[in-house]
Amino acid sequence: MSLTQLMSQAGLWIFPAIALVLFLAVFVAVVARTFTKRSRKEGEEAAQLPLADDAPLAPAPINTSRPARTSR
Amino acid sequence: MSTAFSADARNERVGSSHEPANSGPLERFSYDDAIVRKFLVAMLVWGIVGMLVGLIIALQLALPYLPEVKGAKPLSFLYETSWLNFGRLRPLHTNAVIFAFAGNAIFAGIYYSTQRLCKARMWSDKLSSLHFWGWQAIIVSAAITLPLGITQGKEYAELEWPIDLAIAVVWLGFFGTNFLMTLVKRRERHMYVALWFYIASLVTVTILHVFNNLSLPYALAQVLSGNTPTKEGFVKSWPVYAGVQDAFMQWWYGHNAVAFFLTTPFLGLMYYFLPKAAERPVYSYRLSIVHFWSLVFMYIWAGPHHLHYTSLPAWASTLGMLFSVMLWMPSWGGMINGLLTLRGAWQKVSQDPVLKFFVIAITFYGMATFEGPMLSIKSVNSLSHYTDWTIAHVHSGALGWNGFLAFGMMYWLLPRLFQTPLWSKKLMAAHFWIGTIGMVMYVIPMYAAGITQGLMWRAFDESGSLQYNDFVQTVNAIVPFYWLRALGGTLYLAGAVFGAVNMFMTWKARPAAYEVPVHSAPALTPFYSDPPRPASRLGEGNLAIGHDADVFVQGWWHRVWERKPIKFTLLTLLAVLLASLFEMIPTFLIKSNVPTIASVKPYTPLELHGRDVYIAEGCYNCHSQMIRPIWAETKRYGEYSKGGESVYDHPFQWGSRRIGPDLAREGGIKSHDWHVRHFENPRQLIAQSIMPSYKHLLESKIDFKDTETRVRAMAMLGVPYGEMVKEGVASAYAQAQAEQIAADLVQQGGYEDMQDKKVIALTAYIQRLGIDISKPDDWDPYEKFRDRATKILAARNGEADKVASSTTKVNSGGAK
Numbered sequence: 132m133s134l135t136q137l138m139s140q141a142g143l144w145i146f147p148a149i150a151l152v153l154f155l156a157v158f159v160a161v162v163a164r165t166f167t168k169r170s171r172k173e174g175e176e177a178a179q180l181p182l183a184d185d186a187p188l189a190p191a192p193i194n195t196s197r198p199a200r201t202s203r
Numbered sequence: 007m008s009t010a011f012s013a014d015a016r017n018e019r020v021g022s023s024h025e026p027a028n029s030g031p032l033e034r035f036s037y038d039d040a041i042v043r044k045f046l047v048a049m050l051v052w053g054i055v056g057m058l059v060g061l062i063i064a065l066q067l068a069l070p071y072l073p074e075v076k077g078a079k080p081l082s083f084l085y086e087t088s089w090l091n092f093g094r095l096r097p098l099h100t101n102a103v104i105f106a107f108a109g110n111a112i113f114a115g116i117y118y119s120t121q122r123l124c125k126a127r128m129w130s131d132k133l134s135s136l137h138f139w140g141w142q143a144i145i146v147s148a149a150i151t152l153p154l155g156i157t158q159g160k161e162y163a164e165l166e167w168p169i170d171l172a173i174a175v176v177w178l179g180f181f182g183t184n185f186l187m188t189l190v191k192r193r194e195r196h197m198y199v200a201l202w203f204y205i206a207s208l209v210t211v212t213i214l215h216v217f218n219n220l221s222l223p224y225a226l227a228q229v230l231s232g233n234t235p236t237k238e239g240f241v242k243s244w245p246v247y248a249g250v251q252d253a254f255m256q257w258w259y260g261h262n263a264v265a266f267f268l269t270t271p272f273l274g275l276m277y278y279f280l281p282k283a284a285e286r287p288v289y290s291y292r293l294s295i296v297h298f299w300s301l302v303f304m305y306i307w308a309g310p311h312h313l314h315y316t317s318l319p320a321w322a323s324t325l326g327m328l329f330s331v332m333l334w335m336p337s338w339g340g341m342i343n344g345l346l347t348l349r350g351a352w353q354k355v356s357q358d359p360v361l362k363f364f365v366i367a368i369t370f371y372g373m374a375t376f377e378g379p380m381l382s383i384k385s386v387n388s389l390s391h392y393t394d395w396t397i398a399h400v401h402s403g404a405l406g407w408n409g410f411l412a413f414g415m416m417y418w419l420l421p422r423l424f425q426t427p428l429w430s431k432k433l434m435a436a437h438f439w440i441g442t443i444g445m446v447m448y449v450i451p452m453y454a455a456g457i458t459q460g461l462m463w464r465a466f467d468e469s470g471s472l473q474y475n476d477f478v479q480t481v482n483a484i485v486p487f488y489w490l491r492a493l494g495g496t497l498y499l500a501g502a503v504f505g506a507v508n509m510f511m512t513w514k515a516r517p518a519a520y521e522v523p524v525h526s527a528p529a530l531t532p533f534y535s536d537p538p539r540p541a542s543r544l545g546e547g548n549l550a551i552g553h554d555a556d557v558f559v560q561g562w563w564h565r566v567w568e569r570k571p572i573k574f575t576l577l578t579l580l581a582v583l584l585a586s587l588f589e590m591i592p593t594f595l596i597k598s599n600v601p602t603i604a605s606v607k608p609y610t611p612l613e614l615h616g617r618d619v620y621i622a623e624g625c626y627n628c629h630s631q632m633i634r635p636i637w638a639e640t641k642r643y644g645e646y647s648k649g650g651e652s653v654y655d656h657p658f659q660w661g662s663r664r665i666g667p668d669l670a671r672e673g674g675i676k677s678h679d680w681h682v683r684h685f686e687n688p689r690q691l692i693a694q695s696i697m698p699s700y701k702h703l704l705e706s707k708i709d710f711k712d713t714e715t716r717v718r719a720m721a722m723l724g725v726p727y728g729e730m731v732k733e734g735v736a737s738a739y740a741q742a743q744a745e746q747i748a749a750d751l752v753q754q755g756g757y758e759d760m761q762d763k764k765v766i767a768l769t770a771y772i773q774r775l776g777i778d779i780s781k782p783d784d785w786d787p788y789e790k791f792r793d794r795a796t797k798i799l800a801a802r803n804g805e806a807d808k809v810a811s812s813t814t815k816v817n818s819g820g821a822k
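Top line first, the protein sequences correspond to chains C and R. In terms of my numbering, the first sequence has 141 at position 10, counting the first letter as 1, and numbering is strictly consecutive. In terms of my numbering, the second sequence has 33 at position 27, counting the first letter as 1, and numbering is strictly consecutive.
Next comes chain C alone, as it looks inside the complex (with noise of 0.2 Å):
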């Protein structure tokens, strides 16, 4: 018997509309996800990433709260 006629025979329908089910399910928890509050905040902070990228050698400590190390 080739694979293709045991596959034809198994009755795999379910199996595709099982994933399907799923990909929607994942899909909706991400975009549920990203219109959380917390997660506009973290956006926010993320938006900025390309306009901080080109900065210059900047003398500034990395945190303040805690002591500058030196560079190696």
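Since the hints were derived computationally from the structure, they do not count as laboratory data. Hints are not guaranteed to be accurate.
Not everything, but these chain R residues come out facing chain C in the computed CB check (under 8 Å) [as the list claims (entries may be wrong)]:
id	residue
1	Thr87
2	Trp89
3	Leu123
4	Glu194
5	Arg292
6	Trp299
7	Val559
Note that beta-carbon positions come from the ideal geometry of N, C-alpha and C, so glycine has one too.
Chain R: place on chain C using the hints.
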């Protein structure tokens, strides 16, 4: 200082208990801009070459032959040289503008932005350099092989197997490794959304390329049948898929090449360079995330909309349509996000041509992504498919979205990369205007041409017969539009040339030595602790699963894994791979999807030769072999095409555009003589034909020596050739059929001594198209020349007396 921005912000949020060890020691680094300069120059050079080839083929359609000027035919070589024929140059045009122009643009933008978004130099300068030179070498090899007729015969995947291997190495091995390692070694914790788009492009293009190009190299077939590989072995291969499956695979590839080569990487560029140029953050970062995931989840399913009303199972094409229509929403979300980024900055747009380029690019993205879903609706597609409407659609996307985004990015980069002001702002503005006018002049006539021709194909008169029975009438009606298109293309090309002048002059004014600024940022440490898992907001009385669900809904997990590049990559890969498998496996493995037809037999050895000529000449660029079950089509061409008819077609030859008529039922309609003279010069028979002359096929010879390996290669792919694979049999049958056709040709008053010419093989192939289904189940494709073949075999063996006994029937094969 900006570099510490997000680390600080996060520390603040998660409280002091997570403060230590989130940042490593401060490190110094510089960016590699030399590689960006290289890719940018390559982009423009290849862009101009690709557009020039496009202009040449546009003119070949508008002016299919040159009138004599004072007895001489100037430029006639453009029409009579085999390697300048439309069928061979069209793949060169598409490959050049997609993989050379857009490809180099993507790489330039990715190399520039990735380093900055990661606060890290590219992981390996050596890999960057290998990537650049490797990619250019691939482009050069494409520019050489395609005009020579070396092609796999699948649109946008024409390049032959050794080049395909090189592409895999350069794309994944050099570019992929370098890019992903840069992400791993980055100094910015959060991966900006542009990087997500790049990751998705990288993994998906790899999958598409590998699976669509799975083929049996001729050289391998030669080795497997006990011969040493010849030169030909390295420039020819046949896909492992056939017919419906090959078509499915090809358009899954073709559509997603548009999605993941021309859309997602360019969106990444948009999300980086647009905020840069506008000096303001993207309108909604969250919208860009939704945009990203929607495209990743939906695009991969949309491919079958290229195959509406073909022999592809209807469920697959409906699925493709559904997902295509759904794509409209996220695409427009992205467009709106781009345009709204400019809110409050429109006065800048009026002054800065860079932003103008971006605005037009995003607008065209919006138009093309509205039109795409519309064209994927079956009833619209029944009109638009096979016409120039498709050509208009892709050019509004390619010229408007890809071209203008690339040019806008180029003009923004030029002063920064060459560290001197742009040579001429006026010339840049002129480029913008001439390019915009050129696009409009290209696209609108092509819409008109597509709709005109589509309506003419389906027009009936009062008596119920086709109003334009002669296909060439529908071609002549649109030739004026071809002229306008060529004019529009010329303007667009002129704009690109302006860009080249501007680039050259800016480069000339560069400083003696480029300044390489040193940046600093803290290294990321492995001790970074994620924001803590939030507590459930539900009351005591809930089940554990309820609490878990509430934590999940708060979305903390997304934040955690979106900054893990390798896991992120694997998940994206999983999403596109699973979707692809679920869509395609049924067609490959479930029998009812492609019913076989008993009377459909494999091609004869000579017809196989002919099919390879058909592929090499790029006939599929202008002729479909797929009659849709639409009244106007069955009326014009005959019985609609069935999936079972192309089960032996490695590769499938359904085509995608009818510049000439469909050929699915061409077999047996016209005489051999008609075909030979038509190939020699189509205008001898159809005065207004715009088909090129294929004179060279009347001179170049069939190589009967390699007939056997061709047949054996097909047999290895599962085509039932039976006895035909035995030593010497196939070539004897090929020779016998060629002699038979040559003899018929002379009888019909045609040319003499044609039995070893390629045109005979091609004619044999054409005469076979679509005839099988009207034959009885046990018909014999070899019947006419079996005696002749037996004689040749006997003569070869030098055993003339054994003629009688060797007439044992050679199995003609076929699905039983």
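Evaluated hints:
The closest approach between the C-beta of threonine 87(R) and any C-beta of chain C is roughly 46 Å, which is over the 8 Å cut-off, so the hint fails. Hint status for tryptophan 89(R): violated, given a least beta-carbon distance of 41 Å to chain C, over 8 Å. Given the 8 Å rule on beta carbons, the hint for leucine 123(R) holds: about 6 Å separates it from the nearest Cβ of chain C. Annotation: interface hint on glutamate 194(R) holds; nearest CB of chain C at approximately 7 Å, less than 8 Å.
About 5 Å separates the beta-carbon of arginine 292(R) from the nearest beta-carbon of chain C, less than 8 Å, and the hint is met. The beta carbon of tryptophan 299(R) is positioned within 8 Å of a beta carbon in chain C (closest approach about 5 Å), and the interface hint is therefore held. A least Cβ separation of about 7 Å between valine 559(R) and chain C falls short of the 8 Å threshold, and the interface hint therefore holds.
In this structure, the earlier hints numbered 1 and 2 are contradicted, and the remaining ones agree with it.
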